[in-house]
Amino acid sequence: MSNILEIKDLKVNYGGIEAVKGVSFDVEEGEIITLIGSNGAGKSTILNTIVGLVKAASGNVIFQGQDITNKDTNYIVSNGITLVPEGRKIFPDMSVLENLKIGAYMRNDDLSKDIEWVYSLFPRLKERSWQLGGTLSGGEQQMLAVGRALMSRPKLMMMDEPSLGLAPIIVRDIFSIIKEINNQGVTILLVEQNANMALKTASKAYVLETGNITMTGSGEELLHNEAIREAYLGT
Amino acid sequence: MFKKINNALNPSLRHPLDEQNKRTNKVALMIFLAIVYVFAILLDNVLPANGITLMLIPVLRKGAIYALLCVSMNLLNGFTGLFSLGQAGFMLIGGYVYAILTIPQASHAAVYQYFDGGIFQFSVTEVFGNVLGPFLGNVIGAIICIIIAGLVVAVFAALIGIPVLRLKSDYLAIATLGFAEIIRAIFQWNGIGGITNGSNLLRKYTNLDNLVWNVGSLNINFGTTFAFLIVTLCIVAIILMINSSYGRAFKAIRDDEISAEAMGINLFKHKMLSFVISSFFAGVGGALLAMFQTTIQAAAFTSAMTYEILLIVVIGGIGSVSGSCIAAFLYIACNEWWLRFLDSGYLGSIPVGFFRGGFRKVIFSIIIMVIVLFFSRGIMGDKELSFTGLLNKIKQFKNRKALKQAAEKEGE
Numbered sequence: 029m030s031n032i033l034e035i036k037d038l039k040v041n042y043g044g045i046e047a048v049k050g051v052s053f054d055v056e057e058g059e060i061i062t063l064i065g066s067n068g069a070g071k072s073t074i075l076n077t078i079v080g081l082v083k084a085a086s087g088n089v090i091f092q093g094q095d096i097t098n099k100d101t102n103y104i105v106s107n108g109i110t111l112v113p114e115g116r117k118i119f120p121d122m123s124v125l126e127n128l129k130i131g132a133y134m135r136n137d138d139l140s141k142d143i144e145w146v147y148s149l150f151p152r153l154k155e156r157s158w159q160l161g162g163t164l165s166g167g168e169q170q171m172l173a174v175g176r177a178l179m180s181r182p183k184l185m186m187m188d189e190p191s192l193g194l195a196p197i198i199v200r201d202i203f204s205i206i207k208e209i210n211n212q213g214v215t216i217l218l219v220e221q222n223a224n225m226a227l228k229t230a231s232k233a234y235v236l237e238t239g240n241i242t243m244t245g246s247g248e249e250l251l252h253n254e255a256i257r258e259a260y261l262g263t
Numbered sequence: 111m112f113k114k115i116n117n118a119l120n121p122s123l124r125h126p127l128d129e130q131n132k133r134t135n136k137v138a139l140m141i142f143l144a145i146v147y148v149f150a151i152l153l154d155n156v157l158p159a160n161g162i163t164l165m166l167i168p169v170l171r172k173g174a175i176y177a178l179l180c181v182s183m184n185l186l187n188g189f190t191g192l193f194s195l196g197q198a199g200f201m202l203i204g205g206y207v208y209a210i211l212t213i214p215q216a217s218h219a220a221v222y223q224y225f226d227g228g229i230f231q232f233s234v235t236e237v238f239g240n241v242l243g244p245f246l247g248n249v250i251g252a253i254i255c256i257i258i259a260g261l262v263v264a265v266f267a268a269l270i271g272i273p274v275l276r277l278k279s280d281y282l283a284i285a286t287l288g289f290a291e292i293i294r295a296i297f298q299w300n301g302i303g304g305i306t307n308g309s310n311l312l313r314k315y316t317n318l319d320n321l322v323w324n325v326g327s328l329n330i331n332f333g334t335t336f337a338f339l340i341v342t343l344c345i346v347a348i349i350l351m352i353n354s355s356y357g358r359a360f361k362a363i364r365d366d367e368i369s370a371e372a373m374g375i376n377l378f379k380h381k382m383l384s385f386v387i388s389s390f391f392a393g394v395g396g397a398l399l400a401m402f403q404t405t406i407q408a409a410a411f412t413s414a415m416t417y418e419i420l421l422i423v424v425i426g427g428i429g430s431v432s433g434s435c436i437a438a439f440l441y442i443a444c445n446e447w448w449l450r451f452l453d454s455g456y457l458g459s460i461p462v463g464f465f466r467g468g469f470r471k472v473i474f475s476i477i478i479m480v481i482v483l484f485f486s487r488g489i490m491g492d493k494e495l496s497f498t499g500l501l502n503k504i505k506q507f508k509n510r511k512a513l514k515q516a517a518e519k520e521g522e
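Residue numbers (our numbering), protein chains in the order written: chain A, 29 to 263; chain B, 111 to 522.
Just chain A, same shape as in the assembly:
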């Protein structure tokens, strides 16, 4: 398997504070990779830097062999990386359909097939297609955020805490859909505090602590690792 994304010695500063202190990791094509860690570990910062919302101080982000470090977000999105932002951040005063269309903003071709695809993944969204985004429930908003990201037809989808603030049963649904999307050929980079669910889903996991990667392994390995169990799974 080739690497779709390579992060090399990435450093990111917020003002004077070094939020990410030289992180390197690879994302293999067709896999589900997860970054786990507690609050303030720098997980979201890494995702925001990859998609160009935050600029890196040093290091490289290489996507399919091409250096995309500090490129504009619209360039990165049109090249096939998309971000499902933390807290969903759907557009509340736009209809579900409009939300989906915005997801495909960088594309100029026909969208009807992709809209059908998203609706087949999330039949709930089809029922609600004329409703305003802000009137959806939390779980539906998360579905919409994922659907919106898929509309750009990404090769790599990055998800920032998809389980945030959702009921456990909805979290399970979301993760089964993440697997389904992955089966259909989209590589997934997942950032989670809900380590249990993330490790069960991911083929490879990285543990992030205060801006450094401290542990690597397959999801299964880390799930049974004593230190991890103590720190993140609470058992």
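Keep in mind the hints are simulated off the structure, nothing from the lab.
Where a beta carbon is used, it is the ideal one built from N, C-alpha and C, also for glycine.
Mixed in with the good hints, there may be bad ones.
What the hints assert, rightly or not - Below, in silico cross-link-like pairs of lysine-lysine (DSSO-like), each with a Cα-Cα straight-line distance of 27 Å or less: (1) A:K141 <-> B:K132; (2) B:K493 <-> A:K154; (3) B:K514 <-> A:K154.
As the list claims (entries may be wrong) - What follows is a list of derived Cβ distance ranges for each label pair: (4) B:K132 <-> A:K99: 47 to 55 Å; (5) A:D138 <-> B:N353: 17 to 25 Å; (6) B:N353 <-> A:K39: 40 to 48 Å; (7) A:Y103 <-> B:M165: 54 to 62 Å; (8) B:S354 <-> A:S148: 25 to 33 Å; (9) B:L500 <-> A:S140: 55 to 63 Å; (10) A:K207 <-> B:A144: 41 to 49 Å.
Got chain A; can you put chain B on it based on the hints?
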């Protein structure tokens, strides 16, 4: 029972507008516009000039112009979420560019009497008039000058936008307000009096009442029709813009900037686009206002004018084009006509002591407070008025009555 009623009224459960509805609405709008245009021509030419028609002409003209100004402000404030208060400045530039370009050569000496007849010694409408005859020359010349006015304003807006659009919310409002005041001051400066006539009036340029077609002994006045035509075209252009993918990007920026950026929308580029387009139409509106007023003076374009327009946008509903249009006509009608009696000192023929100059404004303030308190989303909210929507409302109203009656019977 009442749950059922609630469901019937819940806007989120409405059925989508299907193609049929869209077509019906389009036809209804066309018929409405046709009636308006026929009425405008009749008003200018056939109907007797008595009390009501004499007031109706300026109210309709100014109302149409304000509708355009409000829709252009709504594009920026309501659809893109950029709180800008530079409208009066842009209108001023538009109005001045238009006026300067159309003052007849013979009138230059009189208009620019303190500045040796001014610098420009030509009139676009006259140039076209020499070739096409006075009527066509005036119409085509005026249209071209209006477009030039809009373009000049758009260029100004682009220059101002580069620093200003990096600011957010209130700071953007303060900066644009400041620029509008700077523009007003510069246009009154004697140093460029050869162009702007300093702080004096510009007059004698082609105005709405110059658009008269002489056929034999007939004189057909197209003043109101012309104002309506330009305004309709501009508003249609803005609506098409809002419904395009650019419009969706504007709304996305309004709803959530970070999310919009993550979707690949270039924030600065789209904000600039919205700002420049909105300013273009503000410039067009300013030119039309100059045509309506027959004279123009920079001192009149104060920030109060911007607030007036903002007020109409809020009354109509932020994010609703039809709301802005309805509110513009209502506001102008109240301000120029219906509430004028409050300033006159008389109620009918009875003298009333506290009805004196300025009392209208007091009543206005009360009305505005009532609107803000009880209709905080304006007349239309962020919805659009449509023919089928209106029909549905009537049906719903009837249904509700029927349901209520049924509920009462059940209760018995």
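Evaluated hints:
no., hint, in the structure
1, A:K141 <-> B:K132, "holds, 24 Å"
2, B:K493 <-> A:K154, "holds, 22 Å"
3, B:K514 <-> A:K154, "violated, 33 Å"
4, B:K132 <-> A:K99: 47 to 55 Å, "violated, 41 Å"
5, A:D138 <-> B:N353: 17 to 25 Å, "holds, 18 Å"
6, B:N353 <-> A:K39: 40 to 48 Å, "holds, 44 Å"
7, A:Y103 <-> B:M165: 54 to 62 Å, "holds, 58 Å"
8, B:S354 <-> A:S148: 25 to 33 Å, "holds, 27 Å"
9, B:L500 <-> A:S140: 55 to 63 Å, "violated, 31 Å"
10, A:K207 <-> B:A144: 41 to 49 Å, "violated, 58 Å"
In this structure, the hints that do not hold are numbers 3, 4, 9 and 10, in rising order.
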